[in-house]
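All chains should be modelled from the sequences, with the hints used to inform the complete structure.
Chains as they are written, first to last, in numbering that gives the first Met the number 0: chain Y, 0 to 314; chain D, 0 to 341.
Hints were generated in silico from the structure; no laboratory data involved. Every residue, glycine too, gets a C-beta built ideally from N, C-alpha and C. Mixed in with the good hints there might be a few duds.
List of simulated lysine-lysine pairs, PhoX-like, C-alpha gap at most 25 angstroms [to be verified]: (1) D:281 / D:69; (2) D:186 / D:176; (3) D:186 / D:266; (4) D:45 / D:290; (5) Y:50 / D:64; (6) D:186 / Y:50.
Quick list of the computed label-pair ranges, beta carbon to beta carbon [claimed, not checked]: (7) D:174 / Y:39: 56 to 62 angstroms; (8) Y:115 / D:234: 55 to 61 angstroms; (9) Y:276 / D:174: 43 to 49 angstroms; (10) D:53 / Y:26: 47 to 53 angstroms; (11) D:222 / Y:39: 53 to 59 angstroms; (12) Y:229 / D:284: 37 to 43 angstroms; (13) Y:150 / D:174: 54 to 60 angstroms; (14) D:284 / Y:55: 58 to 64 angstroms; (15) D:51 / Y:12: 54 to 60 angstroms; (16) D:222 / Y:150: 36 to 42 angstroms.
Some residues of chain Y that are not near chain D, with every Cβ distance over 12 angstroms (derived) [said to hold, decoys possible]: (17) 39; (18) 103; (19) 137; (20) 250; (21) 254; (22) 279; (23) 300.
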Amino acid sequence: MSPAAATTSRHAHTGDRAFAVGLTLLGGSVLFVVGVIVLVCARLSAPAFAKLGFFHFLAGTDWNPVEDSFGALPFVYGTLVTSAVAIVLAMPVAIGLALFLTEMSPARVRHVVSFFVEILAAIPSVVFGLWGLLVLVPILRDVVEPALGRWFGFVPLFSGAPLGIGFLPAGIVLAIMILPTIASVTIEVLRTMPAALREGALALGATRWEAIRAVVLPYARRGILGAVILGLGRALGETMAVTMLIGNQPEIHGSLFAAGYSLPAVIANEFAEASGAIHTGALAGLALVLFGVTLMLSAAARLLVRLSARRAVTT
Amino acid sequence: MKRLAWMAATLMFCAGVARADALLINGAGATFPFPLYSKWFSEYNKLHPNERFNYQSIGSGGGVKQITEKTVDFGASDAPMTDAELARAPGVVHIPTVLGSVAVVYNGAPAGLKLTPEVLADIFHGTITHWNDPKLQAIPGQPKLPDIAITVVHRSDGSGTTAVFTDYLAKVSPAWKTSVGVGKAVKWPGGLGGKGNEGVTGSVKSTPGSIGYVELAYARQNALTMAALENADGKFVLPSIESTSAAAAGVPIPADFRVSITNAKGKDAYPISAFTYILVHKAQPDAAKGKAIGRFLWWAIHDGQKLAGPLDYAPLPKPVVTKVEAALRTITVGGKSVIASN
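See the structure below:
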């Protein structure tokens, strides 16, 4: 090795090392920020947990700022129900949209539709909330909910007075909001698929539907689940649109027509004017609970991906 | 070298001008009077170009917190400070600036609705569920009410409006006092929660059969139908600037102005009214700022009152203004009253 080459390589080593340290710091900063958030929430919520008891707080259903009695359950319930409605409605549409755009539509159509999907993602949530309140709620109240009640009223999910405001409109608007997230990530996943796989299936005589079902979807399963997790994350944390539509009533009802409350909504509503350390602490406690719910759901989704991947290999 | 000296000179000149030019006074607190206060600050700035007021409408709770910690020069709150809060912030005085009231608004029943205190409490309690309930229909002079369900709409965010409204309900209904109580956020027996005045307005406008409460200014600007309430003298009164000011005249005002004027006496008084306050420290640490605040408040309770009406705030009645003048004289810089020294 010539001396000149040795210097440059040593030089490159120092550069590499600095680069590695820099990236580690950047990566670590995410953990640091998350750690600080958890720490601050834990410190703020300490007085509330001390007074109410952690498990009593988690399982409690009463939320009464006047008497300093706080329970998280109705908010956890509302967050889960609205997110579930959103996923159930958005997932088939988003995946269908992505399949149509990547597998079937001509390029021109794809560009136009992709553009509108991106526009949908850029609309501020308060606009979604207003649209929900002024357009969706009257339609639900006067048309959709009475019809659902007439035909499916025996199912507890569709029982009760049609108010228009409640879990259902919040879930529907959330579905529209997370649709572009799921669709655009799914499109990217499908685009990365080697064309040879699809062509091979077609060459073997598979119809388009068979190729999608037997080759495209199994190949993209992990990526699509990842897209759904991203969408779910947005649904769990959405504040403004949900608080405008859910009715803000901390109650647990089996019916989608009833009013409820969600974790981010109550924090946004009450934090600014919270009276006293217990009330503020209970709200910080809800932030921790929201953190925990998000963490558990994404862990569960990861587990699901791993299990489904193993099954895909064995079959 | 010469250029450097020039630059230094220019910088020093600029700094000197900036300091002489703007005396910046910081305040924070209630959102309710924010439109009026911004109008006041901009008008006052035209008269005194050297004094700039910066106001952050972060909510009454934040206003009390910040004046207690002395991070602002003045605070603002819709609700008077409690004894416990005042103990943590000794020497803070309440200066009432204007009055506001809470209108009961509804949708789906004919105009001209009349409500007695008991009926209003029953509706928000959820014990009266239909508009044509006999108790509601039996009020003398009531228009014919339809057979539709009542949907109660309340504020979901912590707010001074809710505090005033629940304070009134607790005064007129012992059942409300024991089961719900008074606060900026309470446990509502039922109904829907709307975020902010605009959220309640939206829900009331879009839900037939609904009833809710919003600030008077908001109800007027959005042309919502308002109910007349029976006051302590047995008269049915619509919320208005005059009936709100009348409420302040019907209650003995203590020297520290910390008083609830809901359910006030007087035949013209609207029963759900309240003062909104600016909070300042009696002993001002900074001479220039202290004098400027004193001068501004003096202007606000005199000339400033004329700007209140057009923005749907109720001006202070004359006897109250006289009392506030006395309170302003107790604000001092280095032991000397800021008002007398002007």
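Satisfaction of the hinted span 58 to 64 angstroms by the C-beta atoms belonging to residue 284 (chain D) and residue 55 (chain Y): 46 angstroms Cβ-Cβ, so the 58 to 64 angstroms window is violated.
Outcome of range test on Cβ distance (residue 229 (chain Y), residue 284 (chain D); 37 to 43 angstroms): For residue 229 (chain Y) and residue 284 (chain D) the Cβ distance comes to about 53 angstroms; the hint is violated.
Satisfaction of the hinted span 54 to 60 angstroms by the C-beta atoms belonging to residue 150 (chain Y) and residue 174 (chain D): violated (41 angstroms)
Satisfaction of the hinted span 54 to 60 angstroms by the C-beta atoms belonging to residue 51 (chain D) and residue 12 (chain Y): The hinted range 54 to 60 angstroms holds for residue 51 (chain D) and residue 12 (chain Y), with Cβ atoms some 58 angstroms apart.
Interface-negative label, residue 250 (chain Y) against chain D, beta-carbon threshold 12 angstroms: About 9 angstroms separates residue 250 (chain Y) from the closest Cβ of chain D, which leaves it inside 12 angstroms; violated.
Residue 300 (chain Y) non-interfacial with respect to chain D [C-beta, more than 12 angstroms]: holds (31 angstroms)
Residue 174 (chain D) paired with residue 39 (chain Y), Cβ distance criterion 56 to 62 angstroms: Given range 56 to 62 angstroms: violated, Cβ gap about 41 angstroms.
Given hint residue 50 (chain Y) paired with residue 186 (chain D) - CA-CA distance at most 25 angstroms: Holds. Residue 186 (chain D) to residue 50 (chain Y) sits at ~19 angstroms (cutoff 25 angstroms).
Least C-beta distance between residue 279 (chain Y) and chain D, which was stated to exceed 12 angstroms: violated (10 angstroms)
Pairwise hint evaluation, residue 64 (chain D) against residue 50 (chain Y), where the allowed Cα distance is 25 angstroms at most: Holds: residue 50 (chain Y) and residue 64 (chain D) sit about 23 angstroms apart, inside 25 angstroms.
Given pair status - residue 176 (chain D), residue 186 (chain D), alpha carbons within 25 angstroms: holds (12 angstroms)
C-beta pair residue 53 (chain D), residue 26 (chain Y): status relative to the range 47 to 53 angstroms that was hinted: The hinted range 47 to 53 angstroms is violated for residue 53 (chain D) and residue 26 (chain Y), with Cβ atoms some 40 angstroms apart.
Of the numbered hints listed earlier, those contradicted by the structure are 3, 7, 9, 10, 11, 12, 13, 14, 19, 20, 22.
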